[in-house]
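4 protein chains.
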Amino acid sequence: MVKVKDFEWIPGMTVKELVEAYRGIGYQSIELRKAADVIVKMKKDNSKIFLTFTSNMVTSGLRGFFSQIIKLGMCDIIVTTVGGIEEDIMKASGEQFSVGTFEADSVELHEKGINKVGNIFIKNESYMKFENQMNELLLKLYEKQKRWAVSDLLKEIGLTLNDEQSILFQAAKNNVPIFCPAITDGAFGFHLYLFQQDHKDFIVDVVKDFGNILYCTTHDEKKGIIALGGSISKHHALLSTLLNGGANYAVYLTTAHKTSGSMSGATTEEAKSWGKVKDESDIATVIGDVTITFPLTMIAAMEQLKEEKLLKSIEKEKTEEKLNEKKDLNKLKKLAKS
Amino acid sequence: MVKVKDFEWIPGMTVKELVEAYRGIGYQSIELRKAADVIVKMKKDNSKIFLTFTSNMVTSGLRGFFSQIIKLGMCDIIVTTVGGIEEDIMKASGEQFSVGTFEADSVELHEKGINKVGNIFIKNESYMKFENQMNELLLKLYEKQKRWAVSDLLKEIGLTLNDEQSILFQAAKNNVPIFCPAITDGAFGFHLYLFQQDHKDFIVDVVKDFGNILYCTTHDEKKGIIALGGSISKHHALLSTLLNGGANYAVYLTTAHKTSGSMSGATTEEAKSWGKVKDESDIATVIGDVTITFPLTMIAAMEQLKEEKLLKSIEKEKTEEKLNEKKDLNKLKKLAKS
Amino acid sequence: MVKVKDFEWIPGMTVKELVEAYRGIGYQSIELRKAADVIVKMKKDNSKIFLTFTSNMVTSGLRGFFSQIIKLGMCDIIVTTVGGIEEDIMKASGEQFSVGTFEADSVELHEKGINKVGNIFIKNESYMKFENQMNELLLKLYEKQKRWAVSDLLKEIGLTLNDEQSILFQAAKNNVPIFCPAITDGAFGFHLYLFQQDHKDFIVDVVKDFGNILYCTTHDEKKGIIALGGSISKHHALLSTLLNGGANYAVYLTTAHKTSGSMSGATTEEAKSWGKVKDESDIATVIGDVTITFPLTMIAAMEQLKEEKLLKSIEKEKTEEKLNEKKDLNKLKKLAKS
Amino acid sequence: MVKVKDFEWIPGMTVKELVEAYRGIGYQSIELRKAADVIVKMKKDNSKIFLTFTSNMVTSGLRGFFSQIIKLGMCDIIVTTVGGIEEDIMKASGEQFSVGTFEADSVELHEKGINKVGNIFIKNESYMKFENQMNELLLKLYEKQKRWAVSDLLKEIGLTLNDEQSILFQAAKNNVPIFCPAITDGAFGFHLYLFQQDHKDFIVDVVKDFGNILYCTTHDEKKGIIALGGSISKHHALLSTLLNGGANYAVYLTTAHKTSGSMSGATTEEAKSWGKVKDESDIATVIGDVTITFPLTMIAAMEQLKEEKLLKSIEKEKTEEKLNEKKDLNKLKKLAKS
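Protein chains in written order, with my numbering: chain R, 208 to 545; chain C, 208 to 545; chain F, 208 to 545; chain W, 208 to 545.
Worth flagging that the hints you see were computed from the coordinates, not collected in a lab. Hints are not guaranteed to be accurate.
Since the list gives no way to pick one copy over another, a pair counts as held whenever it fits inside one copy or between any two copies.
[Claimed, not checked] List of simulated lysine to any residue pairs, SDA-like, C-alpha gap at most 25 Å: (1) K248 <-> T308; (2) K407 <-> Q352; (3) K255 <-> K347; (4) K407 <-> T425; (5) K248 <-> G280; (6) K429 <-> L316; (7) K353 <-> L421.
Please read these numbers as outputs of a predicted model, since none were measured by experiment.
The shape of chain R in the complex, shown without the other chains (with noise of 0.2 Å):
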């Protein structure tokens, strides 16, 4: 049996490091540490992985990190709601968000037009300039064809836009299809809408990607699940998997508890009554917010992925550049000390 074992901190200490000295602090920190076990697994065990996210955490910077994912092979589907699509994009034409205060006045905010999710602020001018870009997009996704299923749809959007770090195009570049199942449920909702009043023959079809999603995985195929928060993303890959006979590996990072039955709070543990996830499968529940805990566990799993040569190689140059500069600037920093 793993022993609890007294943390004790090394100057310059990784975050590998710290995450495997996490296996023998306590609580939610011993199943952040099993969470990134099972992602190596999953991995190792060349699953199709799931990676479920709700819009709040593409309104984070958590955005740039998961197309860094998906360039490293991390997950092969995803699933999210449409506000995440809207901010990608948005992100991808250079609109930033600010960092601002949970306990920010909400009537000024809105008297200066902008708009608060949690301790992050939008202003209003990102969704004007989203709306324009939004008509000429639908325009030529028309004029190629009528009728769309949703991740057709989000590929080909992806594919136009020209940011390394934006979800929609690495996913579009790398073949990962992104599912999203209320697409109206959002600012895109609105000018679907627009656009179907001017051309009543556009239709998006939402049943047809229900198949999409379905013949991503087989049967006789290893399937994982990684699912930050809980929403229709998490619920759809899960479904996804059971219809397909279950996951094998589950992660879910959460800040909800299973005693109000919501899918937010369901449990990996819970899951397996539903044959959502295997009965023997590798799984692991983490609370917690997952701006902290989502980049410890998975830069805990592929540091180790990319130790045994299990990652899809990172663009060399741009990590040796970056390595680099980060010598270099430590250079600066000892010469400026000496």
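With chain R fixed as given, assemble chains C, F and W onto it according to the hints.
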């Protein structure tokens, strides 16, 4: 300023009296009392009322309460997730769910064909019967027309159900549209998909339904929102009122906190920054499990509205009958003790 | 197996009827109903009942309810934190706390001499009056004896208060000891310290009080625990029953979850591993704000015990008087409407 | 205004770099970054630093980290609950706790003599050994003097322990007082009681200890608080700084929310209304499990302080030795792979 007031139980106390006492107790009880007040106000102000809930609440016994609320004219528009629609249909065909425990072993349950939602159990059979129903239903719908907006489709289904306690039935009967922006995210979606395989021109038009929810209310009408839990049901109602100038009243009952920037945890206060609720609006957020808090809040509001004769006439005979039953029971009890 | 049952409001519904309906609703409402059942059982089984709460609950209007519970013989031992004792004394001298909001600006409040506990406000003056009282009280106690066990000291104070709604008063009058293992953790502690400066032989003997709580119950007696919130009040009651062979019944009402290994979140289930509650014991954990859940749970239990004549006689005149008042009020209301 | 910044993993990333990136991610990661900043500031400002934690954190591997923090001069005063003191002593005598699971059956564990704290297991034997130690310890203390303030008593015990990773040992060695306002609320209390039965003049003077914590700091000194979790440990530190004019800096890491008015959930913002932290103070509240968040926050702060040579010299040889070990290990790993 209202003073904190020592609470004292009076034998035979009614729910109305307890929730009135909450005004002077503290913390979430104060917020709950405020929520009841806001509901009374939105009704008195002739607001169009959006009621939103997630599927786990339909799994629970709140389902009958929701249909009663529709019947009593306490909501004008419903937004929910598809699981709730499925389960409402199952229950309308006589399926029953059981009270279990949170701790029940999920693997054992799975082997017995039982699915767990918190401490509620659903048999696989219930899903299988639903499957059979769906085929028939969809065929009838298809014969009528090929292209369906979601809320129209749900109304049509509601009319076929013969259960006074069904949400879909009461909604259809009382002209309360039900919106479900992710109609494919459940067994329902799978059946739609299977059906479309044989009927390629069958279309579920989610874009058209955006227009339906948009035109449910106008800029000039007063609008109120009662949002239970989070997810797209809450978000979709907020979006719809936002596009019509914002809600005037908003009550959120949820277990989530605003600290993680999630939709479930977003407060009524935060909604103001978006113009989702108007700045001057009356708002309340109550943290707690809705199976406990919603009956309390809603009963307190409805008792008061009833007193002021602002509640759609309750089927009088039925109520009186029940009250008489109760009295008889009390009489019998008293006799038994004497 | 109990079935989930469609909930339906009946106008005039009592708290007892609502909590009975909770049995078939779901999630925490089911647990709340179970908690009421466990309390009824512990009482019927003649258990010694520990009631524990934290100081913020005495800040709230639950204070009067706690004293009523003592008066009705529904608890035999109390464990709390010192803030609750201070505020009970303040309220007994006529101080009143106000209902505020969670969002009120703390800096502004501080400037006005107002202290915030969630959405309840306490004036600095209330603390200052308390100071004056304490000096006098401690001198009287000191004249009686030099070395005091905490619970003896609190009983003595209770007898000096003249307020039917005071916890300390009712506890003293009804021989219910109040334990407070961290008696110095508040303004009370500061005054004890100041007093000791001038009276070096004045001793508050916490060790001796350990014996007092230990001998409150025996191995052979049935023991029950009703723990509201967490902290040392919950832990101390558990510890005391543990040393006497474990509790037979346990009900926890809390907002905390077990996932962080905290005392507040530790469940009744976990307590079994410690022998803190007996393996075969009847237990229930309800997640939610006690200002909402405790009145519901306790009223449901007491209504049933009253019906079965197992409740210490309520001062009959008073109750009847109140009931008559209510009836008169109803009459007047009816007249007013006719 | 700081912008939200796309996060990108760089292989080999250090904890310092990750926590720096948190500044631009969102939600609680932003708050965590702020908390690290506040800790750096309080140290640079020569504040007296209060570190408070609850016993479950000593159960965990954070115990070693706490003692390292004392050794590095990062805290001046400790406040904790008695369970943590007991378990620190147990671990100092070689007892080991195990990593288990939250789901483990409590009744089975009880039969095996295992106690569960979340997902950490403690054997009954560990408690029995502690019992034997206590008798001896108390006799020695009694021989020295009859009346003990709690912090003096804990210092004396600390000096007898011979474990570099013990909190009590490091605290005693580094003149960091440990306060424990509810010293009897645990096995420790039981042993004090048994001892007093045979030594009636043995007194644990909690009132005197109030003076000790009061005079730890002065009005004029800068004061900082790092509070992990809630309970009396947090409250006692706040009370003590309040009486000395309020803290200048405050960092709370907790899983509790302010919505129920509890001490655990009370925010740094609310503390301002009490004068518990000064109005102009630098404050941060981070919601999350401290086993994850505290190492991150504290490492980030200490790395920066180390860089600026503001950290008490780490025993150099030891660190270098460890670093060399690590390098050797890496060499061996590389060889093994080649």
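Hints, verified against the model:
For a Cα distance limit of 25 Å, the shortest separation of K248 from T308 across copies, 20 Å, qualifies, whereas the shortest one inside one copy, 38 Å, does not. Proximity of K407 to Q352 under the C-alpha cut-off of 25 Å is found in both arrangements, the shortest distances being 13 Å within a copy and 16 Å between copies. With identical chains, the CA atoms of K255 and K347 are never at most 25 Å apart, being 32 Å at best within one copy and 38 Å at best between copies. In the homo-oligomer, the alpha carbons of K407 and T425 lie at most 25 Å apart only across protomers (23 Å), although the nearest pairing inside one protomer, at 36 Å, exceeds that limit.
Taking identical chains as interchangeable, the C-alpha atoms of K248 and G280 lie at most 25 Å apart only when both belong to the same chain, with a minimum of 15 Å there against 41 Å between chains. In this assembly of identical chains, the alpha carbons of K429 and L316 lie at most 25 Å apart only when taken from different copies (23 Å versus 48 Å within one copy). In this homomeric assembly, K353 and L421 come within 25 Å of each other (Cα to Cα) both inside a single copy, at 23 Å, and across copies, at 23 Å.
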